[in-house]
Amino acid sequence: IGIQLLNNDREWVGEPVILDKTITISEPDRLFDKPTTIHETSIRWGNSIQLSGYSINDNTLMLVWQTDNTPSKSLRLFVHILDADGNIIAQSDSIPANWTRPTTSWIPEEYIITSHQFDLSTGNYRIRIGWYDPITGERINMNTSDSYTLETPIIIN
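Residues 2 to 158 (our numbering) are what the sequence shown spells out, left to right.
Since the hints were made in silico from the structure, they are not lab data.
We treat Cβ as the ideally placed atom computed from N, Cα and C, and that holds for glycine.
Possibly wrong hints are sitting among the right ones.
So the derived label-pair ranges between C-beta atoms look like this [claimed, not checked]:
{"id": "1", "residue 1": "44", "residue 2": "94", "range": "15 to 21 Å"}
{"id": "2", "residue 1": "11", "residue 2": "125", "range": "51 to 57 Å"}
{"id": "3", "residue 1": "34", "residue 2": "75", "range": "24 to 30 Å"}
{"id": "4", "residue 1": "79", "residue 2": "37", "range": "22 to 28 Å"}
Please model the entire structure based on the sequences and the hints provided.
The structure is reproduced here in structure tokens:
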């Protein structure tokens with residue numbers, strides 16, 4: 002494998018650099034059978050990403066995603082844990098599935114699972130989720146807003 006730079010006019014610059022390393026390219030495992038979740042949803046963002054369901058177990062949140070069309074941009078998923086006053090007290094912000102499944106790798110009818118763990122003390126918390134373009138910072142809109150707050154709170158006893 003070699004690497005060579007292009008200038009703005011798409012002309013080659015300099016000599017190619019030949020890499021003497023082995024590179025392994027693999028396709029991710031794909032899930033087409035819907036995982037079991039406690040709460041099923043049909044929440045959809047404007048880019049065809051849909052939250053199909055979720056479950057909450059202690060400090061762990063599992064989100065199940067699907068898309069009708071492979072997104073053209075690699076988007077970031079944010080998960081905010083909110084206290085009773087709506088303040089963010091914990092968050093997760095990443096490429097889905099621990100940085101292994103960029104949205105540009107999703108295919109229609111496939112299910113993507115993201116898992117989010119938070120170290121929370123005793124209390125009731127709300128969960129807000131959404132998507133954004135990491136290059137522009139622009140959030141991906143839904144019908145009425147740019148994020149969604151799950152109906153089910155996290156309750157830590």
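Checked hints:
With their beta carbons about 19 Å apart, residue 44 and residue 94 fall inside the hinted range of 15 to 21 Å. A hinted range of 51 to 57 Å for the beta carbons of residue 11 and residue 125 is consistent with their spacing of about 56 Å. Between residue 34 and residue 75 the C-beta distance comes to about 25 Å, which sits within the given range of 24 to 30 Å. In this structure the supplied range 22 to 28 Å holds for residue 79 paired with residue 37, their Cβ-Cβ distance being about 25 Å.
No hint from the list above goes unmet by this structure.
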